[in-house]
Amino acid sequence: MGERRSEILQGTLDLMVLQTLAVMGPMHGYGLAKRIEQMSEDALRVNQGTIYLCLIRLVQQRWITATWGASDNNRRAKFYEITRAGRRQLAAEAENWERIAGVIGRLLRLAPSR
Amino acid sequence: MRARWHRLWARVRALFAAPVLDRDLEQELDGHLAASIDAYVRQGLSLEEACRRARLALGSRVELRDAHRDVRGLPWLETLAQDVRQALRLMRRDRAFALFATIIVALGIGGGTMVFGVIDALLLRPLPFADPDRLVWITNSGGGEGLSARTMPVNHFLALREEATSFADVAAFYAHYTPGSIAVTGIDEPERINSIPVSDNFFSLLGVQPALGRLFTADESNYAGPPPSVILTYEFWQRHFGADPSAVGRTIALNGASVTIVGVLPKRFDFAAAFAPGFRVDLYYPQALTAGANREGNTLIAIGRLAPGVTLAHAQAEAAVVGPAIQRRDFTRPFALGLMSLGDRVNGQTRPALILLGWAVLVVMLIACANLSNLMLARSSARQRELAVRAALGAGRGRLARQVLTESVVLVSCGACLGVALAAAGMRLFAHMDGLGVPLLGRVRLDGAVLAFAAGLAIVTGLVIGLAPAFQARRVAVQRALKDGERGSTGGRSRTVVRHVLVAAEIALASALLVATGLLTRSFVKLVDLDLGFQPLGAIATRIDSPRSRGGTKEARGAYFDDALGRLRAMGGIEAAGLTDVLPLGRNRSWSVGARGRAYTLQSPPPDAFVRVITDGYLPAMGIPLRAGRDISAADRADTTPVILVNETLARTLWPGENPIGKTTLYADGEREVVGVVADVRHLALEQTSGNEIYLPMRQTTDYASVELVARTDRPVDGFGTAVLATLRTIDPFLPASEVFTVQSLVDHAIAPRRAVVAVLLGFSAFALLLAALGVYAVIAYAISQRSRELGIRMALGASARALRRQTVGAMLGLTAVGLAAGLGAAWTFSRLLRDLLFEVDTRDPMTFGGIAVALAAVAAIAAYLPARRISRIDPVVALRAE
Chain A
21 MGERRSEILQ GTLDLMVLQT LAVMGPMHGY GLAKRIEQMS EDALRVNQGT IYLCLIRLVQ
81 QRWITATWGA SDNNRRAKFY EITRAGRRQL AAEAENWERI AGVIGRLLRL APSR
Chain B
84 MRARWHRLWA RVRALFAAPV LDRDLEQELD GHLAASIDAY VRQGLSLEEA CRRARLALGS
144 RVELRDAHRD VRGLPWLETL AQDVRQALRL MRRDRAFALF ATIIVALGIG GGTMVFGVID
204 ALLLRPLPFA DPDRLVWITN SGGGEGLSAR TMPVNHFLAL REEATSFADV AAFYAHYTPG
264 SIAVTGIDEP ERINSIPVSD NFFSLLGVQP ALGRLFTADE SNYAGPPPSV ILTYEFWQRH
324 FGADPSAVGR TIALNGASVT IVGVLPKRFD FAAAFAPGFR VDLYYPQALT AGANREGNTL
384 IAIGRLAPGV TLAHAQAEAA VVGPAIQRRD FTRPFALGLM SLGDRVNGQT RPALILLGWA
444 VLVVMLIACA NLSNLMLARS SARQRELAVR AALGAGRGRL ARQVLTESVV LVSCGACLGV
504 ALAAAGMRLF AHMDGLGVPL LGRVRLDGAV LAFAAGLAIV TGLVIGLAPA FQARRVAVQR
564 ALKDGERGST GGRSRTVVRH VLVAAEIALA SALLVATGLL TRSFVKLVDL DLGFQPLGAI
624 ATRIDSPRSR GGTKEARGAY FDDALGRLRA MGGIEAAGLT DVLPLGRNRS WSVGARGRAY
684 TLQSPPPDAF VRVITDGYLP AMGIPLRAGR DISAADRADT TPVILVNETL ARTLWPGENP
744 IGKTTLYADG EREVVGVVAD VRHLALEQTS GNEIYLPMRQ TTDYASVELV ARTDRPVDGF
804 GTAVLATLRT IDPFLPASEV FTVQSLVDHA IAPRRAVVAV LLGFSAFALL LAALGVYAVI
864 AYAISQRSRE LGIRMALGAS ARALRRQTVG AMLGLTAVGL AAGLGAAWTF SRLLRDLLFE
924 VDTRDPMTFG GIAVALAAVA AIAAYLPARR ISRIDPVVAL RAE
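So the protein sequences, as listed, match chains A and B.
Quick note: to get this note's numbering, add 20 to the position in the first sequence (first position is 1).
Quick note: to get this note's numbering, add 83 to the position in the second sequence (first position is 1).
Incorrect hints may appear among the rest.
As the list claims (entries may be wrong) - Covered stretches of chain A, as calculated for chain B (at least 3 residues, CB under 8 Å): (1) 33–39; (2) 42–50; (3) 74–86; (4) 112–125.
Claimed, not checked - What follows is a set of in silico ranges between Cβ atoms, one per label pair, in the way DEER data are often shown: (5) B:F180 x A:T85: 49 to 59 Å; (6) A:I124 x B:L207: 54 to 64 Å; (7) B:Q169 x A:R126: 25 to 35 Å; (8) B:F180 x A:I124: 51 to 61 Å; (9) B:L128 x A:I124: 21 to 31 Å; (10) B:L128 x A:N94: 19 to 29 Å; (11) B:V124 x A:T85: 45 to 55 Å.
Just so you know, these hints were derived from the structure itself, not from any lab.
Built from N, CA and C at the ideal position, the CB exists for glycine as well.
Using the sequences and the accompanying hints, generate a full structural model.
Listed below in structure tokens is the structure:
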């Protein structure tokens, strides 16, 4: 039930996918999954399949596009590419994320009043 | 925001592309696994281990596919579709139940929708005029009964228009319009047409613009003799001029005088629908607003448009001052201004009946809902096991509840569709019942509002009957239900109580509805059995006025009547034949009439009497008994002593305790000698006694607007009518064609609205009674099937089947008594609200209340006894072993 996952996790995954596609260019699902696993250093332990729920959602929002193509091993694979709307969304979300991260960071740095 | 719309759109599309999208995903996942396996193999794992790891990393494909469907599609919609399919499957499996429930819902919703449609058209939708809430119906309230007393003379109307500041404008129409009062020639063939004279501002006041040509001008109301111009209705223009625009400007001959067509009204303007239901208007001409027209006396009814910011109460207050002022200045007859909103005037008559029907349909709906709830409860109890299995297989409680609710909704939807079809047919039937004479009935139709109402009704019904079982489904006790089969968890005490309360409520509602129906039915029967003062059966009538009966001297007209009556009586098959100017239950007019030797003043004016102009033969043809003296004869002519007949009421009014024969009356149209006394006739309405009546010989006056022939015959009306017309044509070839009809049809027409209401109520009541009986039956049948083990034990312990049966039926009769007490108590309290609809029946008529109590008790007893018979078929051994 992808819809029921916590909003934060869903948003995080969206952001990671968009960012990865923005930086790395077109990728297929497996590549994305591996890349995100590496980047998160196993901090986010989810099934690789979860990436596909995130991808279809982003496609439906028209932030990324999907096209069938051939992978390095000459296998048929679906390649995802970020769109212009996707980049705008990424920029907005990244800014949002940094602001929240800043706030939370400051909050956590406050000395506990014992 | 845009992204959200894109997503929604994509999700909707995904619903229809599920197979393609699934295949896409499968291929993508295959690719994913292959790539993953490659990577693991490269890391040095065995192929087997690589496959295992790759699958593990990806996660369950089945779960992934389901989650993917949920994310990309609209899961609730898919679930709904699934539930609907499941519900349809269940309905197919349990056909009898589905059919039965669907029919109940269809009849309930159909009846409700139909009644709403009628109420909407007649009461709720605004009148078909501009800003109708500002229109006021203005009559003369200073007189008494009858049209002459309620109308006002031209001068009073003019004074009102001049002086009342509450109104932006006041218009009037001639209220004594007569069907077919004018014969038109010059267009295809001579035809009697219906016309209404109206003041020049009548149409503009109602906000009506002509479809062609123009409206009347103020100049055109200033004429003597034939009117200068006419405006045609749309239908008349279509019928006789083939919708030719050049009709405007042409002339037609009205009773021989030529008049100019100045305009055509728009199609949607229907004077008759609001003011004269069942009356077809063909054309309008200007009402003369002159001294000459004023001398005709009370003729007009006014319609005012309130000035901006003025309320009806305001206008009434002003009228209370202006009315008497007009009366003081220009006294003719008693006068006062009576104001009511036009809406009240148009709907006032039908409103009580419609409100009653609305309540009736509500009661029927409630009974239907109670009944269906009961059935659904019984059914869901029986399905406890199925639901438990589903729950055990992993269906969530909310999901089960939703499934059960969906079943009710599907059931109700099927019923609602059928019901709307029924309602559409019923409404079509109603809309074309011109004979009912109910204003605005033609507007009844299935439109958006009615459909919305039906949909709303369906939703409410679905929720009401579905909620209880849905809640039950939420509480399904899996282990218990699975463990002890169908009987263990079902006979909960609270549920039994609910079912019993529902049945008692059904009986209460049904009894209240039956009382209302009973009271109205008894009124109707009383009305049908009423002595009307004339004998409608065996009498036929038709209009025979022709140019010969209209122009000319009394002598010339008398010759025509002699001729016509002579030929008719020679025809054979006719017991009696005579002429009159008005038939009973039709139009009416009244004149003042006094007794010679009595002093009358303004303060004690002479009484009013309804006027009929007749010839010899009319009384026997109509079956009106002569009580004393003699009938009018053919020898009462223009040159003989003026004579008059009075009815018994007038005789008592003018000469109490004296013999009226030989006395002299004043005022009516000069002095006349009373030669006979006739029985009172219900001329105005069936429900109303006649008041004072006078009969003048047709050969001694020219003051009548039409001539109706009445003949008493035992021949069937169809062929005989044609023969009568053929005979009359031999003496007057230009006699316009007229319909020959039975006098009974006039009575039927007068009683038709009441008949319709009673018929609908009887239908509802029969349905309610059937439902209540079914409710009782179902509860007993269900209780016995659930308690067969208990009953078996009791029988094994020595209880006789007979005693158990008596006990079961007795318990149900107790419940019935409670329901009856509640229902009849409510009816006893509220039945006085029906007072206006009843006729010679007390609102607490003991016959009705008693009869209905007995009838319902009997029905309940039978409905309880039938299933209770099954008790004797319970074999204690089998019942006990079954466990």
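Unsatisfied constraints (hint numbers, rising): 1, 4, 7, 9 and 11
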